[in-house]
Structures are given as C-alpha cells and as structure tokens.
Amino acid sequence: MPVPSHIHYESLLQILEQASLTSLPPSSPAYQQLHAAVIHLRKALRLQKQFEEEWQLTGGTVDYQWSVNRHLPKDYNT
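Counted from 1, the sequence shown has number 8 at position 8 by full-length UniProt numbering; the numbering is strictly sequential.
It should be emphasised that the hints constitute simulated quantities derived from the structure, not laboratory data.
Incorrect hints may have been included.
The following label-pair restraints were derived from C-beta to C-beta distances [stated by the list, open to error]: (1) Ala-30 / Gly-60: 37 to 43 Å; (2) Ser-23 / Thr-58: 41 to 47 Å; (3) His-6 / Ser-27: 28 to 34 Å; (4) Ser-11 / Ala-36: 30 to 36 Å; (5) Pro-29 / Gly-59: 45 to 51 Å; (6) Gly-60 / Ser-27: 42 to 48 Å.
Please read all numbers here as calculations on a predicted model, not as lab measurements.
Even glycine gets a Cβ: it sits at the ideal position worked out from N, Cα and C.
Throw the hints in and build the complete structure from the sequences for me.
This is the structure we're talking about:
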C-alpha cells in the first residue's frame, strides 16, 4: 500500500511549530489557524500510523512514498 513517508508530516510540523508559530502573537487569528493546522497534521499522522498497523496485521505491506510521481498505477490518469 503506497502511503506518504512520515518525514513529510514531521517536516511540516517542525516548520510550523518552530518557525511559523513562533513568529506570530499567540492571540492572533493567524496563530490560531496555524495551531489548528498543526493539530490536524498530528491527527493525520496518527491516523496513518494506525492504518499502517492495521494493514500490516492483515498481511499487507506498506510502501512509503517520497514523491507523487513514483509508482503510480498505469491507469492512474484514466
């Protein structure tokens, strides 16, 4: 099963938490929006890890993807 590599989530989270959020006042609407994005990204990563674990328990294999242009099915664009 092709899935995004965890590093994609982790890189985004580091940028948002260490650079973006620290440059905004905590009470600003922009800060609140970015903070919500961080929460959603963490949830997405947690759900993906849960899916991977369940998939592997059923005998499936996980194939971490680093790019959307790699390993696309032949009929992907049809």
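Against the structure, the hints come out as follows:
| no. | hint | verdict |
| --- | --- | --- |
| 1 | Ala-30 / Gly-60: 37 to 43 Å | holds, 40 Å |
| 2 | Ser-23 / Thr-58: 41 to 47 Å | holds, 44 Å |
| 3 | His-6 / Ser-27: 28 to 34 Å | holds, 32 Å |
| 4 | Ser-11 / Ala-36: 30 to 36 Å | violated, 19 Å |
| 5 | Pro-29 / Gly-59: 45 to 51 Å | holds, 47 Å |
| 6 | Gly-60 / Ser-27: 42 to 48 Å | holds, 45 Å |
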